[in-house]
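Enquirer: Residue-level listing of the chains:
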Amino acid sequence: MSSVIVDRRPDRGKSTGNRQRVLKRLEGALRAQVDQMIARRKLGEHDKSADIEINRKDVKEPRFLLDSKTGAHGRAVPGNSNYRVGDKIPRDSPQGKGQGSGPGAGESEQEDMFRFALSREEYLSLLFDELELPPLIKKDLLEIDENRFRRGGVVRYGNPSTVCVARTFKASIGRRVAAEAHFEEALDAAEAALRVARSSAVPARVEVAEMELKEVRRRGADIPFLDPIDLRHRSLVEVQSPRTAAVMFCLMDVSASMNESRKDLAKRFFTLLYLFLSRKYAKVELVFIRHTDEAQEVDEDTFFNGTQSGSTKVLSALTKMREIMNLRYPPSRYNVFGAQASDGDSFGDDSSASSAFLLSELLPFSRYFVYAEVGETASESGSLWTAYSGIASEQFNMATLTARNEVYPALAKLFKKEQPA
Amino acid sequence: MLPRSVTKSRLSGSEWTLDDLLAIEQMCARHAQRYALDTFPNQLEVITSEQMLDSYVSSGLPVNYGHWSFGKQYLIESGKYRAGANALAYEIVINTNPCIAFLMEGNSLAMQALVIPHACFGHNSFSKSNYLFTQWTQPEAVLDYMLFARNYIADCEERHGATQVEQTLDALHALRDQGLDKYKRPRKLDTRKERAEQAKRLSNAQDAMRQGEYYSVVPHAAKSAEAMPTFPKEPEENLLYFIEKHAPKLEPWQRELARIVRKIAQYFYPQRQTQVMNEGWATFWHHRLINDMYDAGQIDQGILLECLHSHTNVIRQPDYAPLNPYALGFAAWNEIKRACQSPTDEDREYLPGIAGKDWLETFHDVMRNYRDESFLLQFLTPKLVREFRLMNIQTTEGLDHWVVSATAGADGFKAIRTQLAASYRLESYLPEMSVVRYGRDSDRKLTLQHQSYGGRLLQDDEAEQSLKHLRWLWGFEVSLEAVGENGKTLKTY
Chain F
1 MSSVIVDRRP
11 DRGKSTGNRQ
21 RVLKRLEGAL
31 RAQVDQMIAR
41 RKLGEHDKSA
51 DIEINRKDVK
61 EPRFLLDSKT
71 GAHGRAVPGN
81 SNYRVGDKIP
91 RDSPQGKGQG
101 SGPGAGESEQ
111 EDMFRFALSR
121 EEYLSLLFDE
131 LELPPLIKKD
141 LLEIDENRFR
151 RGGVVRYGNP
161 STVCVARTFK
171 ASIGRRVAAE
181 AHFEEALDAA
191 EAALRVARSS
201 AVPARVEVAE
211 MELKEVRRRG
221 ADIPFLDPID
231 LRHRSLVEVQ
241 SPRTAAVMFC
251 LMDVSASMNE
261 SRKDLAKRFF
271 TLLYLFLSRK
281 YAKVELVFIR
291 HTDEAQEVDE
301 DTFFNGTQSG
311 STKVLSALTK
321 MREIMNLRYP
331 PSRYNVFGAQ
341 ASDGDSFGDD
351 SSASSAFLLS
361 ELLPFSRYFV
371 YAEVGETASE
381 SGSLWTAYSG
391 IASEQFNMAT
401 LTARNEVYPA
411 LAKLFKKEQP
421 A
Chain H
422 MLPRSVTKSR
432 LSGSEWTLDD
442 LLAIEQMCAR
452 HAQRYALDTF
462 PNQLEVITSE
472 QMLDSYVSSG
482 LPVNYGHWSF
492 GKQYLIESGK
502 YRAGANALAY
512 EIVINTNPCI
522 AFLMEGNSLA
532 MQALVIPHAC
542 FGHNSFSKSN
552 YLFTQWTQPE
562 AVLDYMLFAR
572 NYIADCEERH
582 GATQVEQTLD
592 ALHALRDQGL
602 DKYKRPRKLD
612 TRKERAEQAK
622 RLSNAQDAMR
632 QGEYYSVVPH
642 AAKSAEAMPT
652 FPKEPEENLL
662 YFIEKHAPKL
672 EPWQRELARI
682 VRKIAQYFYP
692 QRQTQVMNEG
702 WATFWHHRLI
712 NDMYDAGQID
722 QGILLECLHS
732 HTNVIRQPDY
742 APLNPYALGF
752 AAWNEIKRAC
762 QSPTDEDREY
772 LPGIAGKDWL
782 ETFHDVMRNY
792 RDESFLLQFL
802 TPKLVREFRL
812 MNIQTTEGLD
822 HWVVSATAGA
832 DGFKAIRTQL
842 AASYRLESYL
852 PEMSVVRYGR
862 DSDRKLTLQH
872 QSYGGRLLQD
882 DEAEQSLKHL
892 RWLWGFEVSL
902 EAVGENGKTL
912 KTY
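Just so you know, the protein sequences line up as chains F and H, in that order. Position 291 of the first sequence, counting from 1, maps to 291 under our numbering, and the rest follow consecutively. In our numbering, each residue carries its 1-based index in the second sequence increased by 421.
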């Protein structure tokens, strides 16, 4: 009998196509969940796979099925130890519950929900779709290219495609020179021996010496032009791409006028910037500064979820940023990024003071500073907006954010400037 | 040349190599010869858990067309597997020739020694000889056909758009269970013929369409609906077949899709009717062959004990739970053997046909000629009913309890046997439906009938949604009526 064994383990990903189909079908439900997840996840957690829960109703495949609640029916049940003919068993008792004995039974007893994990790419892709990122940027952000290869000299092993011809020939020449030098010596010795043998005129010795000489000549002819030991290969070594540290300052006005939907929008703005920076820099530190009329450094949870009341003083946050920067993130060692979200309220001379402070004290030390004016009614007429529009700097940009698809345009200039490598 | 490990004195430990698997297969083959197990050549395929999940969603077929429902099944199964709620099957085998058995890479050597005889000799010999399989499936052709189906559907997606194809398949899948020829034997699968005829069907359809245009301008003599003979003359049980041939509005490629879906559904028709027999048969033989290998000194005691441990788990039957086909099947085959070898008076009374006969001959005869229903009806022994402590329970609509109507014992045996066998009839879990009227020359309305037994009706929401799919395919009005045993209409949808 001709039995065969096949190792199928290497063929993977047969289900990928169907997975994409079902994810596409579930798009609505997935979007809703990703939406909640953006609110729930911390900035640093977006780069991970996500657990999703889906109601079976969303992907129902109907069939004609018999309803077990109707009609008369019976079944055979195993393991009876307490009942006699005529006894009654409540339908919802453990003994009465087991589904019918037929092979089709039991299918209706399914949970309503099922769970699975979205991969990092699938999750981010939904997130980016929502933010309406241009395809190229999306691709750049999705790719992980942590490691680069660079030439690492010449080595003696490797696969045939990496053979370094010039170095292999060089090695071959060296080997042949060495081998042939030895051959010359041996030849001279053998010829001398033959002469001595002939002079002695003993036929047996002559014969031996002749054989010796022949053998030496044969060995000389055997020196190969190329030998496996000549092979040299170019080697590639993996190197971590040179990345430096960055720090991202998140500044947000948390006065009462910043309601939930505005904060939600602001979170997407910070998230996208963070994802972009984490792609570009090996390590991105996050600093959260919230402010009303005074600024505080807080943790991420408090930043997005805490409430505080007071009026608004933007300058306090900018001062705080400089203070922390000088203390912990010297611009000589960190690429400093600032992102400010506010609904644009500021009073008195705060706007102009902030603008001046930003221009003179922060921008010279920052790679980039972006201001987003958040809110359904954000317009280009607020006092902060007017003051900031006076800043003419390559490192500064500002935008209004009224909807999710405006998050990307707000950061687009930066993305264009610093295309992730 | 024999693989290296055949020459090794005895298999032991839990690690294995591909050679070991082949060695087990060959040892089993030698023992199986003694029992005259006739098998297709075996093809063992080692797969990962991920690939096992792939196989789950396409019922073991290694090739399948693309559809989101398979992706959904994958998500559900892999979610359950990740959560640890479900252990994966150790093997999957399908009736192809050669017989492909998928073995999980995570199985220990002992597990492999269990699943190879189970799949490669048990299921393999069953599907080669059982009458349902020989009459209804073509193990040589199925993989070719699946490949043809996959390519054809991929091609349709390109030509007609993925959404169109998806919607059609969604609708067809809802009617999958009604796409079976239960009595008429289906034609053999033949990919080459299928392709040639497909081309013919397509060109015929175009001709018909062209002729139809001329035909339609000729005025019809008005006929009254009563005067016309009903069409179809006899009720048609294969709804998908009827749609393929008669749906007024479908495109030719959609008819082809209907054909593919019903051909594949038909392929699994024998499987679902022989679960108890087939699993019992395979369990019986893995148990036997493992013991033979141990007796021949080919596996060590550690492997034998681990195999027996798994074996007892497989045939566990919890009380008051659904019947485990492995347990019931294994016990039933063992009872046949016992009744052959050492029949009691009871066996002579209830199983006169086999009591005292040669057990192996009887085994082969039974395996060839029965399916679950007839198998249990013929060979269930009173002893098995007692040992399983079976009882019959009944209920009717509106009752909040079951009534025990028979218990294991001389007087209850026949009733239990009847009830148990009946529960493995297709109609007991698949509604019996048929096309009874098609207003071909009038309003093109399609009328379906659900033959209800004991007043059992369809699940309302599922039926409504399936009908929605059917109406979309049909393009005209569709009605469904449930009819009781007395011919009275119980419900109309």
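Check each hint, because a few of them may be wrong.
Within a straight-line C-alpha distance of at most 25 Å, the following computed SDA-like cross-link-like pairs (lysine to any residue) qualify [claimed, not checked]:
1. F/Lys42 x F/Lys280
2. F/Lys14 x H/Lys778
3. F/Lys48 x F/Leu118
4. F/Lys69 x H/Leu901
5. H/Lys778 x H/Gln454
6. H/Lys684 x F/Gly17
In short, the hints are calculated from the structure, not lab data.
Enquirer: If a hint holds in the structure, say so; if it doesn't, say that too.
Expert: Verification of the supplied hints:
1. F/Lys42 x F/Lys280: Holds - the C-alpha atoms of F/Lys280 and F/Lys42 are around 19 Å apart, at most 25 Å.
2. F/Lys14 x H/Lys778: Violated: F/Lys14 and H/Lys778 sit about 50 Å apart, past 25 Å.
3. F/Lys48 x F/Leu118: holds, 9 Å
4. F/Lys69 x H/Leu901: Holds, at about 20 Å.
5. H/Lys778 x H/Gln454: The given pair, whose Cα atoms are some 21 Å apart, holds under the 25 Å limit.
6. H/Lys684 x F/Gly17: holds, 23 Å
When each numbered hint is compared with the structure, a violation occurs for hint 2 only.
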